[in-house]
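Engineer: Given next are the chains, with one letter for each unit.
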Amino acid sequence: MKTSLDVLRVELLQLARDRRALFSAIVLPALLYPLLFWGTGALRSVGEKTMAERTLRALVDLSQADTETAEAFLAGLVDQGPISLTEVDATRLKDSDSEDAQDIARALLRPTSPGAAETSPEAASEAAEGAGDRTGDRTGDGAGDRPDQAPIGDERSSAGEELEPFDVLIVGMTDDAPPDVARTSFDLWYDVKSDDAREAMGRARGALRDLGEARSAERREHLLGGDPGAGLAPQSTDVASEADASGARLGMWLPFVVLLVLISGGAYAALAVFAGEREAGTLETLLVQPVPHRSIAMGKLLTVFVAGCATLAMNLGSLVVCAASGLMDMEGMGGGASGMAYGRLASLLVELPTCLLLCAVLCLVCGGARTFREGQLLIFPVTLLVVIPTAIVLRPEVSLTALWAVVPFSGSALALREGLEGDLKLPLAALVVISHLGWTWLAVARLGQVLDAERVIGGGGDRKSEGHLLQAGGRHGVRWGFVVLMSVYLVAMSVQRVDMDMGLWFTFWMLLPALALAIAWTAPRTEGEPRRLLAGLGLRLPRPSHALGALLVVPALAQGAQRLLEWQSKAIPLPPGAAEGGLELEAIMGSASPMWLFFFFALSPGLFEELVFRGALLNAMKRDFTWKRIVFWQALYFALVHASIYRLLPTGILGALLALIALRSRSVLPAMLMHIGYNGLLVLGTAEYLTFTGEPWFAYAPWAAIPGAALFLIPPRAEQPHAER
Amino acid sequence: MARKELGESFRDRQTLLYTFVLPLCMYPAMFWVMVQGVLVVQGQKQARDVTVGVVAAAETAEAARAQLAVDEEGKGRIEIVALPPDTSQQAEVIADMIEAEEADALLFLPEGRSDAAPAALFFDSTSSQSETARGRVIAALERWTEELRHEAADARDIDPEALEPILVQTRKINPRKDEGALMLSLLLPMLLVVMCVLGAFFPAVDLTAGEKERQTAETTLLLPIPRLGMHLGKIFAVCATSMIATTLNLLALGLSAGHLLGQLAGLGDGAPKVELPIGALISIAPLAALFAFFVSAVLTGVASLAASFKEGQALLGPVQMLFMLPAMATNLPGMELTATTALIPVVNVSLAFRGLLVGSASAGPLVTCVLSLTATAVLAIWFSVRLLSSEEVSLSSETIPLARLFRILRSR
Amino acid sequence: MTDSTSDSAIRAEGLAKTFHDPQRGVVEAVKGVDLDCRKGEIFGLLGPNGAGKTTTLRMLSTILAPTSGRALIDGIDVAEDPLEVRRRLGFLSGSTGLYPRLTGRETLRYFGRLHGLEGEDLEAAIARAFDAFDLHSFGDGRCEALSTGQKQRVSIARAVLHDPPVLILDEPTTGLDIMASSDMIQFIDSRREAGTCVLFSTHILSEAERLCDRIGIVYDGRMLAGGSLDELRAITGKEWLEEIFRELVQRADTGEGAA
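Protein chains in written order, with the numbering used here: chain A, 1 to 725; chain B, 1 to 412; chain C, 1 to 259.
If we strip away everything but chain A, and leave its shape as in the complex, we get:
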C-alpha cells in the first residue's frame, strides 16, 4: 500500500506538471461538455421553431367533400401555421388502385419530377396542370372562403419554369349517405423523405384530429342522444413531484456525462502513466525495483482514478454553477426549469465504483499499449464499450432490478437515474456497488499482468514475448473465430436477405468450407512441421462407439432444448410480433418441403458449421488451450454466430457439448452426426413432419442418452504416430 501511495504521489506530480496536456485533457472538456449539451438543445429548439414558422404549400381537392366540413377543415388548417393552399383536380387519384395512386400522387406533388413522367406520362402532364394553377394561392388570410377555382388554359405558359414541389396533397371525399350519417374521408399524401412534407402532414393531421373530435361529439349527441362512454376518458394526473420529473430527465443524460468526462480525463492519465512510461524508457528500471509489480500497478490505477475524478468534479461543478446562475438553459438540457434537486446529486456516489471500474479498464487497455499513439487508438472502443450499456437509461420503461444491477455500467447508470428520480432502493444500490466492485476486482486482478515483464519487454518486443506467443495456435483460433463471426454477419446474412435459397447455398456450401480451409491452412506450425490439412479440420476416423454415442444423446438434447426454451420464454419473453416479423425462417418452415428443410436446416449446418467450429477452430485452439478454455470459446462463438439473444443460451450449450464430444473423440465426425440429428429433430419436429415424435415409445428416447454418454467412456483412438521427422 505504501508503494502504491508513493507511485500515486509521483505520478500525480508529473501529471500536474504537464500544463498543456492538463489543459486539453481536463480543463477543456469542463468547458466543452456544457457547451455541447447546451448547443444541441438550442439547435433542436431552433429547428423546431423554424419548422413551425415555415410557410408550407398544400394541394387540396375538397370538391367532393361537403362544403361545411371542407371549410371547417381549412379554417383549422390555417390556424396550425402559415400555409399556402392550391386547388387541384385529383379525380384520377380517387379512381385508381393503390399502386397507381402512389405514382399519380407523386406526379401531382412534384410537378416536374422526371421519375413520375417515366412511370405515368399522363399523370405528369396532369401534374403540370395542377402546378400551373397558382392563381389560387393564398397565404393563411382569413378562414372560411374556399380556394378559388383555377382558371384552366394558361398553364403551358409556365412550362419552362422551375416548379417548386408541394408538401402535402389533401383529398377530401364525403360519401352519399344522408347528411346525418354521412362520413368524410381525408387522404393525406406526402413525401416521407421531405422535412417540409412531414411537417405539413403533421399540421393537416392535427387540424383533422380537432375537427374529428368535435364532429364525433356532435354525432353522438345527435344520434345517440348523449355519449354512452362519457367520463371514461380519464384525466391523468402525474403524482411525480417536479423534482422527481426533472431528476428523471437529468437521469437520462447525466450517466453519459459522468462516464464520458471520466474517460476524457482518465484516459489521458492512463496513457501518461503506462504508455508514457514506456516511451520515456523508464519501465524497465521501475520493474527492477524491489516492490511487487502489482502495487505499482495499483498506484497507477489510483492516479488514473484521482485524475478522472478531478475532471469529473470540475465538470459537474461547472454544470451546477451554470445551472444555478441561470447561464444555461436547463430546460433546453432536459433538466427542468426549477426542480433540480441538488441533494439528489448525492446518488452520484453509486457511480464511484463504476468510475473505479472504468479507470481499471482504461489502465488495462493503456497498459497494453506500447506508445501514446497506440493507446490513443484504443480509447474509442472503450468509449463504445461503456456508452452502449449505459444507453439503457434512455429507455424509461426499464427500471433497476437485481438482474440489471449486476450488469456493468448498465446497473450503475440505472441506479443513478433512479437516485435522481428519488426512488432508489438501498438494497439495490448496495447490490450495484458490490457487483461493480466485484467487476473492478476482476479487472484489478488482471492489472498486475499489465506490468508483467514477459509481456511488456519480452525478447525484444511484444511480438516475441513468451506469454504472448506460447499460445499462437489458440490465438489463431480466437482470431479466426472472430473472422467467421463477422463474415457470417456481414456477408452471409446480406446474401440471405437478397435471396434465401441462394444465401443458404452460399453460406453453407461456399463460405463456411472456404473459411474452414483457410483456418486449417494458415494454422501455426512449429518449424519443420508438415501442414496436415485433414487433421487440422478434425477429419479423422473416430471410434464407431463414439459416433453411436453422439447419436444416442440427440433425443435427450432436443428435449432439453425445448425445456430450456420454455423456461427462457418466461425469463426473457419475446415481444409479440417479433417472432413472425423477425424470423422469416418460420414462415418458410410452414411452406417448405421436408427434404428442403432437412437439407438446409439440418444437413448443411451440421456438416459445415461443425467443419468450421469443431473442426478447424477447435483443432487450432487445441494446440495451446486447456479443454476448459476451448469449450468456453466454442460456446461463445457458436452462440454469437447465431446472432439472436433468444438463441444465445441454447446454442451456447450446444456448442459446448459439441466441443466436448469433438475433444473426446478426437474427431469432428461424431459432432457432425449429433448436430445433424439435433437440428433435424428440432426443425422437422417443429414443422410437424416427424410423426414418430408423438408416438408413446418416443417418450423413452431421451433415456438413450445414458448408454450414449457411457459410450464416451471408451478412450478415443490414439493419435497417429505421425511425422517422426
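Source of the hints: derived by calculation from the structure; they are not laboratory data.
All of these numbers come straight from a predicted model, not from anything done at the bench.
Ideal placement from N, C-alpha and C gives every residue a C-beta, glycine not left out.
Mixed in with the good hints, there may be bad ones.
Claimed, not checked - What follows is a set of in silico ranges between Cβ atoms, one per label pair, in the way DEER data are often shown:
(1) C:Asn49 x A:Lys628: 35 to 43 Å
(2) A:Thr626 x C:Gly14: 56 to 64 Å
(3) B:Ile282 x A:Thr626: 49 to 57 Å
(4) A:Ala233 x B:Val70: 35 to 43 Å
(5) A:Ser494 x C:Asn49: 47 to 55 Å
(6) A:Gly281 x C:Arg128: 49 to 57 Å
(7) B:Glu142 x A:Ser494: 56 to 64 Å
(8) A:Glu397 x B:Glu161: 30 to 38 Å
Unchecked claim - Below, in silico cross-link-like pairs of lysine-lysine (DSSO-like), each with a Cα-Cα straight-line distance of 30 Å or less:
(9) B:Lys45 x A:Lys425
(10) C:Lys238 x C:Lys39
(11) A:Lys49 x B:Lys172
(12) A:Lys94 x B:Lys177
(13) B:Lys45 x A:Lys570
(14) A:Lys622 x C:Lys31
Assemble the complex: chain A is given as a structure, and chains B and C must be docked to it using the hints.
Structural biologist: Chains B and C alone, transformed into the frame defined by chain A:
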C-alpha cells in the same frame, strides 16, 4: 511518394486494425447489442403484470374489472385491486400508495359517469411500472368506451361507423425503402464527415509530427525528389487513408443496418426497409474525395506545427471539433442543399449526401458544391504545402503556437 | 584464482531462455550460460547484437524468468525470491530514460522510497549521491531540460542510491556521447574499489579490454569462453581481443557445422 507513405502507415498493424477491422466489426456489434437490447426490453415490458387500484362503488368496480383485466396473448395482465370508494383523491395520499407499491396506478370511477365528472387516473411518470400501467389502463378504457358506443348504436339500429364522421388516412408517395433511405440520411452524412476527419487524423499527425519525433524528417528532406512532390505525397497518403476508412465505415454501417434492423420488424408498425444505397454512395464519391482532400490538407497542415505525436493530437482536437459541429447542424430539419449552403464547406458535403440519399438533390447546387469544394481543397492544399515547406516548421523542435501561423504563411 | 562460492556475487548455471515465434517457431535466445562473478570484480559480457546478452542480463535481474537453469544473486535465487534479489541489485542500461517532468532530486527520492529508504536515511543517501556525482548544479531542474551527460549522471546516481552489492549494466555506453561514455567507464572503474560486483554487456572491444577483470564471450546464445584476458589469450593463442573473439566465433561456427 504517396505510395511509400501509405505503405509505411499500413505496415503498422495498429493503423491497419483501426482502418479496416474496427469499422467492419464495430457497427455490426453495435447494432446487434442495440437490437437485442430493444427486443429484451420490449419483451419484458409487455410481459410485465401491473396492478391498478380501482376506486368505485362495488358495481362499477366489477364492471371495470371485467373490462380492464382482459388476458391478451403474450402480454402481461392488469391486476385489479378494488379499493373503498371513500379513498381520498389527494395526490399526496396517492403518491404514497404508488410509492409503497400497493398499486402502480389508481383509477377513480365516479358514480353517474359524465364528461363533467370524468374518471381520474393517477400515475407516477418516473416509475416505469406505473407508466406501463397507465398505458394499459388508457387503452382498456378506450376499448370500453368504444364498446359502449357500439352497443348504443346497435340498440338504435344505427351504423356505428356513422359515429365517426371524419376519417383520416395518411399515405406516403414513397416506396417502403425510401423510409430506410430517410433513416440512413440522418446517419450517413454525419458519419461521412466524422469518419473522413477521424480517418485523416492519425496519419496526418503521424506523417508530420510523428516524423519529427522519430527524427526521420531530415532524412526525408534529403531525398532527391522535389519538396513539393513530397508534401503533396503526404497529403495524398493521408487522404487515401481517410477515404478508405470512410468507405469501409459507410459500407459496414449500411450492411449491418439492413439485416439487423430486420429483426425489429414486427415491433411497432414495422421497421423501415434499409437497403445499401449504392447509387447515392457512388454519386457522393467524387464529392467525398474532394472533401477528403480538403480535410487531409487542413489536418496535415495544422499537425505539421506540432513537434511530437502527443502535441499534434492536442492541437488537432479543437480543429476536429470545427468539422464535426457543422456536420451535426446539418441534421436540423429544413436544412437543404441550396445555392447558399452549397458554398459553406463541410455543411455542403453533408447536405449533398443527404440530398442524394433521399433523392432530392438537384444539379445546380450540386455543381456549386463541387466548385466550392474544389476551391476550398485547393486553398487548403496550398496552405498546407506552404506550412510544410517552411523551414521554420519542418525543422523546429518545438511546437509552434497558432499565433505564429500567419507570419509563417506570409513569409516568402 | 580461487573458486570459492562464498564470495561469488552472481552465479548462473545453465541459464536458458526460449521464446516462441509464429514465423520461426521456437527461438532459443539463450541456450545455457554459466558464469560466476565475484565481489569487487568487473565482468564483461562481450558479443555481437542478438547473441543473447540482453536476455541473459534480464534473467539475472529478475525481469524475465529463465526457462531452465538457475541464477543466484548474492546467494539468492532469482526465481525464488525476486524481490530480495532486486533489493540487492542496481540496474542500468544505455536506453534507460528518466521521467521528463521530475527533477533529479525527486527521481532519486522516488526510487529511494521504492527501495524502502525513508526519512533521514533517504535524505542522507540523496545528499551522498549529489556529492558523489556532482549533481548540485542541475539536480533540482527537470530532467527533460538536462543534457545527455547530466541525465546519465542522474541515472547512475539512481541505480546506486541504495548502495547495491551487485550492479548489472546492459550496454551502458550505447547511445552516449564521448564525454558521457567516458564518465560511465570511470564510474564502472570506481566501483571496483567499493567492492561491488559489476556485470556489464557491451559490443565495444576496447571497453572490455580496458575495464574487465574477466570477460565472457557470448555468441549465439552460448558462452564460448570466459576468463581474464590472459586466460583467453592462452586458450586461443591470439594476442588481441579482436583476434580472440574472431577465433572463438570461428571455432564455434565450424564446430557446429561438424556436429
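Engineer: All hints are to be evaluated individually against the structure, with a verdict given for each.
Structural biologist: Hint-by-hint comparison with the structure:
1. C:Asn49 x A:Lys628: 35 to 43 Å: holds, 42 Å
2. A:Thr626 x C:Gly14: 56 to 64 Å: With Cβ atoms ~29 Å apart, the hint is violated.
3. B:Ile282 x A:Thr626: 49 to 57 Å: holds, 50 Å
4. A:Ala233 x B:Val70: 35 to 43 Å: At 19 Å between Cβs, range violated.
5. A:Ser494 x C:Asn49: 47 to 55 Å: About 51 Å separates the Cβ atoms of Ser494 of chain A and Asn49 of chain C, which means 47 to 55 Å holds.
6. A:Gly281 x C:Arg128: 49 to 57 Å: For Gly281 of chain A and Arg128 of chain C the Cβ distance comes to about 26 Å; the hint is violated.
7. B:Glu142 x A:Ser494: 56 to 64 Å: This hint is violated: roughly 42 Å between Cβ atoms.
8. A:Glu397 x B:Glu161: 30 to 38 Å: Taking Cβ atoms as reference, Glu397 of chain A and Glu161 of chain B lie about 35 Å apart, which means the hint holds.
9. B:Lys45 x A:Lys425: Satisfied, since the Cα-Cα distance of roughly 20 Å is no more than 30 Å.
10. C:Lys238 x C:Lys39: holds, 29 Å
11. A:Lys49 x B:Lys172: OK: Lys49 of chain A and Lys172 of chain B at ~25 Å, within 30 Å.
12. A:Lys94 x B:Lys177: Holds: Lys94 of chain A and Lys177 of chain B sit about 25 Å apart, inside 30 Å.
13. B:Lys45 x A:Lys570: Holds: Lys45 of chain B and Lys570 of chain A sit about 12 Å apart, inside 30 Å.
14. A:Lys622 x C:Lys31: holds, 28 Å
Checked against the numbered hints given earlier, the structure breaks hints 2, 4, 6, 7 and satisfies all the rest.
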